[in-house]
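Asks: Residues per chain, in single letters:
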Amino acid sequence: MLTVENLKVYYGMINAIKDVSFRVEQGEVIALIGANGAGKTTILHTITGLVPAKSGSITFKGINLLKTPAHKIVGMGMAHVPEGRRIFQELTVYENLMLGAYTRKDKKAISDTLAKIYKRFPRLEERKTQIAGTLSGGEQQMLAMGRALMSKPSIILMDEPSMGLSPLYVNEIFDIIREISKSGTTILLVEQNAKKALSIADRAYVLETGNIVLDGDAKELMNDDKVKKAYLGE
Amino acid sequence: MQQFCEQLLNGLNLGSVYALIALGYTMVYGIAKMLNFAHGDIIMVGAYTLLLSSTRFGLPWYLAVLLCAVVCCVLGVSIEKIAYKPLRNASPLTVLITAIGVSYFLQSSALLIFGSNKQKVDSLIKIKGFTVNGINVSGESIVTLSVTIVIMILLTLFIKKTKMGKAMLAVSEDKGAAQLMGVNVNATISLTFAIGSALAAVAGILYMSSYGFVGPYTGSLPGIKAFVAAVLGGIGSIPGAMLGGILLGIIESMAKTYISTDLADAIVFGILIVVLLFRPTGLLGKKRIEKV
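Read top to bottom, the protein sequences are chains S and V. So the first sequence is numbered by this note's numbering: it starts at 99 and just counts up by one. So the second sequence is numbered by this note's numbering: it starts at 336 and just counts up by one.
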């Protein structure tokens, strides 16, 4: 479904992504794990066109994303929940959700999706007229996820959904990710919380300073000595 | 009392023009995070368009207004495409200098084409005024105030109620996130320049109906004052630009009547300094909390 091949990304002179290849198949949950600065966020930003690539290719449903304008990508069925959530702080919860459906035209279908999202996140419905900037961190994460789901994506890229959340919220967010996956949406998950990420992923890639150093079945990686030592703190 | 009311009306009149120009400054700042110092000169271009279309060629008023709006829109959007878009990722200082350059370019072009002499523009407003309790209400005031009120209502509705308006708010808060929603950021920026320039055209027409003369530098002083109004109200805030413009017009008009004509501008700018000392974000400006 999504194939990244020999991707190289530079920030000015700095080579952030050296040579990265991976693939995501339909229905999978793929985790990209790695330390701070390994390049996880950069990879997601390159996929959705926020950062240009130097070379390589990113193919989604047979189309080269590197040649697609960034604002067209969401309409192809790819949603991105960015790091730090980046909800529109000055708009209401409802307005944020509706911006998630910006590229969709069918009003009836949009309100169906909205109803589903309110069912999945009752707190967003309770607070729909509230200014999004006043939500708690966990609620903002839910809003960012709801906003992404409003585009009816076939794949969601999630960047550090657990960042800055209390353990209670972390569990809730991961339950939701599992649910989203069960409903048939493919997930590419970037996480520093490797333990959590590997527990819900099918396969995973381990990123170190711009290179993939390890990949495989998530359960196997969980028992890998190197991964245990470097990322699981055991 | 009679004098006070008339001056208040004058102030509202002048303030409306400032507010319309300030809206352009503030919207462009909100979306593109740049100070478009060429914005004032768009008014001058609008005024010259009015001079040619209405005073010289005698087009009916609605065609003249339409032509002014179209010319200014096209000019504003072209300036953005040619001068500012290539600098989207450049430092703010580079963009600022470019904007000042564009401003001089427009002024010098007008100087070259029309010469340095100010030329008389006939007012488009033919409505007669009236008198209540000895207070004169001019036709210009009636039209200026009603046009400004209608424009402000329409603009607010557009931003609050339409999908495109929401997209503008989204882009002004976070371009990247807006792009992830599928918003075409470049198109949104163009639209903002188009709206701002159309408002400047209207402001130019209204300004001409009160002042009546256009020269190559006609736009610069109202432009600067409208910029002050935008900052006073809180740059980036649309209600702020409206409030700032109106306030500035009233202050200027009152200062001219009750203090000194020569000192009026000094007072206007002095008030800006004082307000910014106590409220650096302007009257309605919000302090943006950067969350990581």
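Quick caveat, the hints were computed from the structure, so don't treat them as lab data. Even glycine gets a Cβ: it sits at the ideal position worked out from N, Cα and C. Among these hints, one or two may not hold up.
DSBU-like mimics (lysine-lysine), calculated; alpha carbons at most 35 angstroms apart, straight line [unchecked claim]:
(1) K250(S) x K496(V)
(2) K591(V) x K510(V)
(3) K510(V) x K250(S)
(4) K495(V) x K165(S)
(5) K206(S) x K498(V)
(6) K170(S) x K455(V)
(7) K159(S) x K293(S)
(8) K455(V) x K214(S)
(9) K455(V) x K591(V)
(10) K226(S) x K621(V)
(11) K152(S) x K368(V)
(12) K203(S) x K591(V)
(13) K510(V) x K106(S)
(14) K498(V) x K159(S)
(15) K455(V) x K250(S)
(16) K205(S) x K455(V)
(17) K116(S) x K317(S)
(18) K510(V) x K152(S)
(19) K368(V) x K250(S)
If you want the footprint, here are the derived chain V segments under chain S, 3+ residues with CB under 8 angstroms [stated by the list, open to error]:
(20) 494-502
(21) 510-523
Asks: Which hints from the list above does the structure break, by number from lowest to highest?
Replies: 2, 6, 8, 12, 15 and 16
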